[in-house]
Amino acid sequence: MRRLAGGASRELWLVTLAGTDPSRLVLRRDPPGHVIESSRQGEFQLLRAAADAGVPVPRVHWCEDDPAILGSSFFLMDFVEGEALARRLLRDEAYAGARAALPEQLAQALAAIHRMDAGADAGLARPVEGATPAEAELERFAQILHGMAPDPHPVLELAIRWLGRRLPPAGRVALVHGDYRIGNVLFGPEGLRAVLDWELAHLGDPMEDVGWLCVRSWRFGADERPVGGLCDRERFWAAYAAAGGDAVDPAVARWWEVFGNLKWAVICIMQAQTFLNGVRNVELASLGRRTVEMELELLDLMGA
Amino acid sequence: MQDRPSAAELLAAVRAFLEDDLLPQLEGRRRFHALVAANVLSIVEREMAQGESHLRAEHARLASLLGAAAHDGTLAALRDAVRGANERLAERIRAGDADAGPFGEAVRAHLRATTEEKLAVANPRYGSAKPG
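Chains A and B, in that order, are what the protein sequence lines are.
Every letter in the first sequence is one number past the one before it in my numbering, and letter 100, counting from 1, is 100.
Every letter in the second sequence is one number past the one before it in my numbering, and letter 1, counting from 1, is 1.
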């Protein structure tokens, strides 16, 4: 077994088996003591449903919730050959073809995710009764921030206020991936191979994924191309609609992009809090100091 | 007074060891964490150089926004005063006082200056993105 890079909030292990087909599997496991809690079983079932819906995902095999076996919940899935490193995707000559193809491929996969039967996955988090998905998500992350941050964050308070005064109307409730971005997909020279990291999937507004994909951190320095460092927003929105996704209202997509920056700032604070709670991991520690990057982007997006 | 090398010089020595000696021998997850560790050390080096002047500037701006909170001039007291002022500012923003008007504009100008100072320590290469 070999530990794979990536997965600040989940462990990933490559398991090589003798005399079986396939011989290489990936084990995804919860590290003990983490702040983010989600169910391995739910992620396992989602991956199965996504494969049935034609979304490129690794095939899953076995899910285990009994901590007696490996210390915490885990599941096994196929090893998909491919690259996940965003900086290689956005810079290496070898991936020029992938850069050209990915906007449309990502739009098609996302439209397929948003067409999955949201009602069938009873275990998924859903917006609270009486609130729109946008209201519910904003309230949820404001509460996480206020309940957890060791220091006050006036810029994030300003963003919460800005978002609260511009809530988009309730749209269609769909299955939302929750972390759909460059860095969470596997690609080859030809383009998209697998959509990974379904642990934040929930029921909500499909525009949440559209906005999240445009968050500046997922451009990895290629800031002039807002969609994951790949293309401009309008090209992605058109490809998403052409693939069967909903027509994108730019103001709604922008609201979710601002929200995405707020959410990522709060997650960075959560990760730093995990470190402060005693999980000695230098990456978790360093994420606390990334919060300010989202604060600058929020000020820019709010025109402040 | 401690003997030389200074804390900043010691940090620089540890970072050079990480970057020059350790990193070339590492791969995968360990290499990634060593890169993160070297970056963390450079954040601490920049904070040692600029942290106090940023804290004093933030305190002065908060005092002109909210009224001054007394402190005895030590760094720890200054930090407590800034933290307390930021809590009051956060409350004012939550109450809607900064939604518009002259106070709102002053708050935004202050927060941009503070954010730029924080970035100068955390990630000096990260500026505003070109509008896309």
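These aren't lab readings, by the way, just hints derived from the structure by calculation.
Just so you know, even glycine gets a beta-carbon here, dropped at the ideal spot from N, CA and C.
Be careful, since some hints might not be right.
Covered stretches of chain B, going by a simulated chain A footprint (3 or more residues, C-beta under 8 Å) [unchecked claim]:
(1) 29–43
(2) 73–83
Over 10 Å on every C-beta distance to chain B, these chain A residues come out as not near it, computed from the model [to be verified]:
(3) E81
(4) H153
(5) R193
These are the hints, each one checked on the structure:
Proximity of the segment 29–43 of chain B to chain A, defined as three or more residues with a beta carbon under 8 Å from a beta carbon of that chain, is established by the 8 residues found. With 1 residues carrying a beta carbon less than 8 Å from a beta carbon of chain A, the segment 73–83 of chain B misses the three-residue requirement, and the given coverage is violated. Annotated as non-interface, A:E81 keeps its C-beta farther than 10 Å from every C-beta of chain B; the closest such distance is 17 Å. At roughly 7 Å from the closest C-beta of chain B, the C-beta of A:H153 falls inside 10 Å, breaking its exclusion from the interface.
With a cut of 10 Å on Cβ distances, A:R193 stays outside the contact zone with chain B, its closest approach being about 20 Å.
Hints 2, 4 from the list above are not met by this structure, while the remaining hints are.
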